[in-house]
Amino acid sequence: MFNKDRWKEIVEVMSSNVVRTIATAFGVGWGIFILIILLAAGKGLENGIRQDFNGVATNTIFMWTETTSMAFEGLPEGRNFNFKLEDVELLRQNIPELRILSPRNSIRLEEGDNVVRGTETGRYRVFGDYPEIIEQNPMYVTHGRFFNHNDIKEKRKVVVIGNRIRDELYNDDEEVLGTYLKISGINFMVVGIYKEKTSNGGGENSERQIFMPFTTFSQAFNRADNVGWMAITAKDGSSISNLTEKIVNTVKQSRKIHPKDERAIGYFDLYEQFNRVQSLFGALRFVAYFVGILVLISGIIGVSNIMLIVIKERTKEIGIRRALGEDPWSIRLQVLMESVFLTIMSGMIGIIFGALSIYGINTLLNAVGPVDMFLNPSVSLGVVVSALLILVVSGLLAGFLPANSAIKIRPIEALRNE
Numbered sequence: 001m002f003n004k005d006r007w008k009e010i011v012e013v014m015s016s017n018v019v020r021t022i023a024t025a026f027g028v029g030w031g032i033f034i035l036i037i038l039l040a041a042g043k044g045l046e047n048g049i050r051q052d053f054n055g056v057a058t059n060t061i062f063m064w065t066e067t068t069s070m071a072f073e074g075l076p077e078g079r080n081f082n083f084k085l086e087d088v089e090l091l092r093q094n095i096p097e098l099r100i101l102s103p104r105n106s107i108r109l110e111e112g113d114n115v116v117r118g119t120e121t122g123r124y125r126v127f128g129d130y131p132e133i134i135e136q137n138p139m140y141v142t143h144g145r146f147f148n149h150n151d152i153k154e155k156r157k158v159v160v161i162g163n164r165i166r167d168e169l170y171n172d173d174e175e176v177l178g179t180y181l182k183i184s185g186i187n188f189m190v191v192g193i194y195k196e197k198t199s200n201g202g203g204e205n206s207e208r209q210i211f212m213p214f215t216t217f218s219q220a221f222n223r224a225d226n227v228g229w230m231a232i233t234a235k236d237g238s239s240i241s242n243l244t245e246k247i248v249n250t251v252k253q254s255r256k257i258h259p260k261d262e263r264a265i266g267y268f269d270l271y272e273q274f275n276r277v278q279s280l281f282g283a284l285r286f287v288a289y290f291v292g293i294l295v296l297i298s299g300i301i302g303v304s305n306i307m308l309i310v311i312k313e314r315t316k317e318i319g320i321r322r323a324l325g326e327d328p329w330s331i332r333l334q335v336l337m338e339s340v341f342l343t344i345m346s347g348m349i350g351i352i353f354g355a356l357s358i359y360g361i362n363t364l365l366n367a368v369g370p371v372d373m374f375l376n377p378s379v380s381l382g383v384v385v386s387a388l389l390i391l392v393v394s395g396l397l398a399g400f401l402p403a404n405s406a407i408k409i410r411p412i413e414a415l416r417n418e
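If you read the sequence shown in the numbering used here, its first letter stands for residue 1, the second for the next number, and so on.
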């Protein structure tokens with residue numbers, strides 16, 4: 001390994017036919033380059049999608065009422081009904097695996113503006129919530145505070161507004177906290193401003209929502225103890241998907257819904273959707289490795305074929321070395337070292353170009369701003385180390401057959417070869 005003459009011979013062999021060496025190295029370098037780019041692209045997509053889930057309690061379902069499709073206990077089919085606050089307490093008592101239960105209400109947006117502030121008006125979605133909703137929604141308070149349980153208990157007329165509402169209804173240098181908004185004719189004091197955590201801001205309606213205490217909402221807009229829908233999050237270690245059937249059946253029993261009525265209660269399982277996305281990430285990584293390794297194998301086959309040609313060209317040389325008493329293992333080692341050296345050098349070039357390409361992509365993304373569902377494409381150090389190990393193993397495999405071919409040549413036959 002540390003024989004100077006051996007390395008000198010390797011360099012002479014590689015430089016004797018530069019075009020052939022470059023063409024052979026290109027296959028291996030291209031395979032590693034493709035592998036790195038595919039993995040980086042998959043990671044960028046994964047980062048972008050995960051950013052959209054940032055701040056969201058993914059172990060959550062959202063549950064709402066629809067119309068009954070079956071008669072039950074004297075009540076007709078086609079009946080409309082509402083959840084009640086007592087249903088929330090019933091779920092909390094009967095299903096201890098639940099961490100957060102957030103009853104929610106909202107004002108349905110009609111034509112025209114529903115929020116007035118001085119001479120400015122706007123049309124915004126208004127929610128009645130409990131303080132725990134901030135743990136389930138991707139948002140955080142940037143100025144002031146979120147409402148608390150004292151606000152719930154005392155039914156205080158306070159609201160938290162989105163950052164874009166602040167931009168649309170207030171001047172840049174104007175203090176927002178302590179001011180009043182008139183929502184559907186009722187005055188509420190602003191106590192906080194929130195901002196969303198998602199990478200793309202959530203679209204056109206992002207940060208254009210108003211949150212107030214659930215009890216205040218119910219009193220101000222005559223909702224009594226009705227609940228529009230619920231956001232329900234399970235404790236760590238418990239799957240909300242496994243609890244969904246029990247949750248739905250508990251509420252059906254409370255609201256006198258037929259146990260087999262599948263249309264009366266609707267729900268969206270965020271945890272199930274998140275797991276599907278997780279599976280997609282795994283599939284993308286598999287495809288990246290599969291395609292990259294296939295391209296790499298084609299390059300390795302090229303290296304092996306070229307080494308066979310090199311052995312053929314050096315048949316007489318090998319015969320002379322064997323006749324002079326050189327050990328067969330020494331000849332095998334020489335061929336293996338040439339193969340590994342060529343493979344590693346070409347692979348390192350592929351890694352360098354892959355790293356430069358990723359750097360260029362990230363620089364471009366930083367220049368043009370965030371792109372939906374694509375963020376910070378990269379590969380980990382572990383991937384690079386794995387690529388190097390693949391290169392070493394590939395180089396050994398590529399040189400194994402030529403090396404065996406070299407030592408099988410009988411000295412007398414090699415010397416006759418022209």
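A few of these clues could be false.
[Said to hold, decoys possible] Result set (EDC-like, lysine to aspartate or glutamate): computed pairs, CA atoms no more than 20 Å apart in a straight line:
| hint | residue 1 | residue 2 |
| --- | --- | --- |
| 1 | K235 | E207 |
| 2 | K252 | E132 |
| 3 | K182 | E196 |
| 4 | K197 | E97 |
| 5 | K195 | E175 |
| 6 | K155 | D173 |
| 7 | K195 | E272 |
| 8 | K252 | D269 |
| 9 | K155 | E132 |
| 10 | K252 | D236 |
| 11 | K153 | E196 |
Simulated from the structure, these hints should not be mistaken for laboratory data.
Cross-check of the supplied hints:
1. For the hint linking K235 to E207, the alpha-carbon distance of about 28 Å lies beyond 20 Å, and the restraint is violated.
2. A hinted pair counts as satisfied when its Cα atoms are at most 20 Å apart, and K252 with E132 does not qualify at roughly 25 Å.
3. A hinted pair counts as satisfied when its Cα atoms are at most 20 Å apart, and K182 with E196 does not qualify at roughly 24 Å.
4. Annotation: proposed proximity of K197 to E97 is violated, straight-line Cα distance about 27 Å (limit 20 Å).
5. Distance hint between K195 and E175 is fulfilled; the C-alpha atoms sit about 17 Å from each other, no more than 20 Å.
6. A distance of roughly 30 Å separates the Cα atoms of K155 and D173; the hinted pair therefore is violated under the 20 Å criterion.
7. Pair hint K195 plus E272 does not hold up; C-alpha atoms about 26 Å apart against a cutoff of 20 Å.
8. With a C-alpha separation of about 18 Å, the suggested pairing of K252 with D269 holds against the 20 Å cut-off.
9. Straight-line distance between C-alpha atoms of K155 and E132 comes to about 16 Å, which keeps the hinted pair within the 20 Å bound.
10. Our distance criterion of 20 Å between C-alpha atoms is broken by K252 and D236, whose separation comes to about 26 Å.
11. Between the alpha carbons of K153 and E196 the distance comes to roughly 27 Å, so the proposed pair goes past 20 Å and is violated.
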